[in-house]
Amino acid sequence: MKNSLQGRDIGICQCPVCQMTNDVSLGACPRCGTQLKCRNYASLQQSWALLITAAVLLIPANVFPITIVTSQGKIAYDTIFTGIAHLIHLDMLPIAIIVFTASIAVPWAKIIGLAIYLTAISFRIPIPKRVLMTGYHIIEWIGRWSMLDLFVISITVALVNMGQLMDAKPGPAATAFALVILFTQLAAKVLDTRLLWDRLEAQDDASRTAENR
Amino acid sequence: MDSHNTTAKDTQVPEDIVLCRACDLVVSKQQLPQGVRALCPRCHTALYDTPYCSINGMLAICLAALFLYFPANLLPVMELHFFGSVRTTTVMGGATAVLEQGYPVVAIAVMVAAVIAPGLLILSILSQILLIKYAIDSKWGRRLLKLLLTQQSLLTQLSMLEIYLISFLVSAFQLSDHADIYFSIGTFCFTMLFLSVLFLLREYDLQHMWSFLDEK
Chain A
1 MKNSLQGRDI
11 GICQCPVCQM
21 TNDVSLGACP
31 RCGTQLKCRN
41 YASLQQSWAL
51 LITAAVLLIP
61 ANVFPITIVT
71 SQGKIAYDTI
81 FTGIAHLIHL
91 DMLPIAIIVF
101 TASIAVPWAK
111 IIGLAIYLTA
121 ISFRIPIPKR
131 VLMTGYHIIE
141 WIGRWSMLDL
151 FVISITVALV
161 NMGQLMDAKP
171 GPAATAFALV
181 ILFTQLAAKV
191 LDTRLLWDRL
201 EAQDDASRTA
211 ENR
Chain B
214 MDSHNTTAKD
224 TQVPEDIVLC
234 RACDLVVSKQ
244 QLPQGVRALC
254 PRCHTALYDT
264 PYCSINGMLA
274 ICLAALFLYF
284 PANLLPVMEL
294 HFFGSVRTTT
304 VMGGATAVLE
314 QGYPVVAIAV
324 MVAAVIAPGL
334 LILSILSQIL
344 LIKYAIDSKW
354 GRRLLKLLLT
364 QQSLLTQLSM
374 LEIYLISFLV
384 SAFQLSDHAD
394 IYFSIGTFCF
404 TMLFLSVLFL
414 LREYDLQHMW
424 SFLDEK
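Sequence order for the protein chains is A and B.
Residues in the first sequence are numbered from 1 upward in steps of one, following our numbering.
Residues in the second sequence are numbered from 214 upward in steps of one, following our numbering.
Simulated from the structure, these hints should not be mistaken for laboratory data.
Be careful, since some hints might not be right.
To be verified - To give a feel for the contact side, a few chain A residues facing chain B, derived at Cβ under 8 angstroms:
#1 Asn62
#2 Val152
#3 Ile155
Stated by the list, open to error - Computed list of lysine-lysine pairs in DSS-like fashion (alpha-carbon distance at most 25 angstroms, straight line):
#4 Lys242(B) to Lys74(A)
#5 Lys346(B) to Lys37(A)
#6 Lys346(B) to Lys359(B)
#7 Lys359(B) to Lys189(A)
#8 Lys189(A) to Lys74(A)
The C-beta atom is built at its ideal place from N, Cα and C for all residues, glycine as well.
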C-alpha cells in the first residue's frame, strides 16, 4: 500500500473549484473561498437521482417522434430510430453513423456506463477500478456530443418551412432528449470519483502494482 | 474567509505534492518538459502540464474571436434553395425557430450551447486578461478576477462550437437530398470563430490564471 497514500490520510484535499491543494482544517479555500471537504458523500445519491431521471426520460425520447416532416402534403413522424433508418435507406451511411453515435450510442452508453459505475461504488462490486475510470473519462468526454441532434433539428426547422410543400417541425421527443443530455451530464459532473477509490478494496486492482510510473 | 487567510501560513501544504482530483492520490510534483502532461499513476486523470500561457498571445486571439463572434452569429450560416424559394438561417434563428414551434427547453439548450456560452467565454477571458494586465493590484480587480475564474470551467463546458460545426455538415447532407444547400459568409465566420476559440482554449491554463491571484 505504500504507493497509494491518499490526501485524506494526511489531512489535505484539493479545492474543487481552483484546484489548490489545501489543509482540510482550513474549512474554506484561502484562494477562492470554496468550502473544503475531503469527500462529497452526498454526491453518490445525487448522481443516482439524476441518472434515474435521465433513464426515465430516455423512454419518451425514443418512443415519441423527434421530428415531424411534411413533404408534399404527406406528414411523416420520425422517431430517433426511424430517422436513422430513413438515412440508411437514402444511402447516407456516414451521416447515419454520425447521427446514430450522437443520438443513440452516446446517451445509452452514458446511462449504462454511469449505472455500472455507481453500482460498483454503492454495492462494492469488484470491477477493476482502472477499467471503470477509463470508462468514466470516455463518458465525460463524449457526453456533450449528443447535442448534435438538437442542433441539427434547430437548423432544419429554421430552414425548412415551406408549408404543405415541405415543412419540418420538432416533435415532443426533442424536449425529452434535451433533458436526457442535461441530466446525464449533471450526473457525471456531480459525482465525486474519489469515492470509488475509497470504497473498493485493494485486492480488486492487482493491475496497479504493475504500474509505477 | 478572510480569517482563514491569516492561518494559511502555519497550515501550508508542501509545494511539491499534488493531489489527483479524481482519486485523491498523493503525487509528488516534478518538472516537466514542454508539451508533456502529467497523468495520475493510479487512474490516468490529467494532473498538470507546463503552463504555456502567454497573456499577450491570448489577448490577440481573444480579440480576433470577439470580432468574429458578431458576424458568425448575425450573418446567415446556411442557405436553402427549393423550387425558387430561398431560406436562410442564422445560429440564433435556429434557436428562435424551435422556440416558435413551442419547444423552449430545446431552444434554450441550443441558444446556451451555441450563442450565449461562447460569447460569455470570450468576454470572460478577455476581462481576465485585462484585469491581470492592468488591475491585478486593486482590490476590486482581484475580486472580479476571482469571480470570473470560478465560473470558467462551467463556461468552457457549456460552449459547444465544435459540435455545432459538425451539425452544419450533417444537416447540409440531410437536406441536400431535397433541396440545394449553399454555405455563406456566416459559415466561414463561424468556422473561424470555432478555430480561434479552439486555439484560445489551448493557450489558456486555468491553474496558471489562478496563480496570478497568489502573487501579492
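Here is what the structure says about each hint:
no., hint, in the structure
1, Asn62, "violated, 16 angstroms"
2, Val152, "holds, 5 angstroms"
3, Ile155, "holds, 4 angstroms"
4, Lys242(B) to Lys74(A), "violated, 65 angstroms"
5, Lys346(B) to Lys37(A), "violated, 33 angstroms"
6, Lys346(B) to Lys359(B), "holds, 15 angstroms"
7, Lys359(B) to Lys189(A), "holds, 22 angstroms"
8, Lys189(A) to Lys74(A), "violated, 43 angstroms"
In summary, the structure is inconsistent with hints 1, 4, 5, 8 from the numbered list given earlier, while agreeing with the others.
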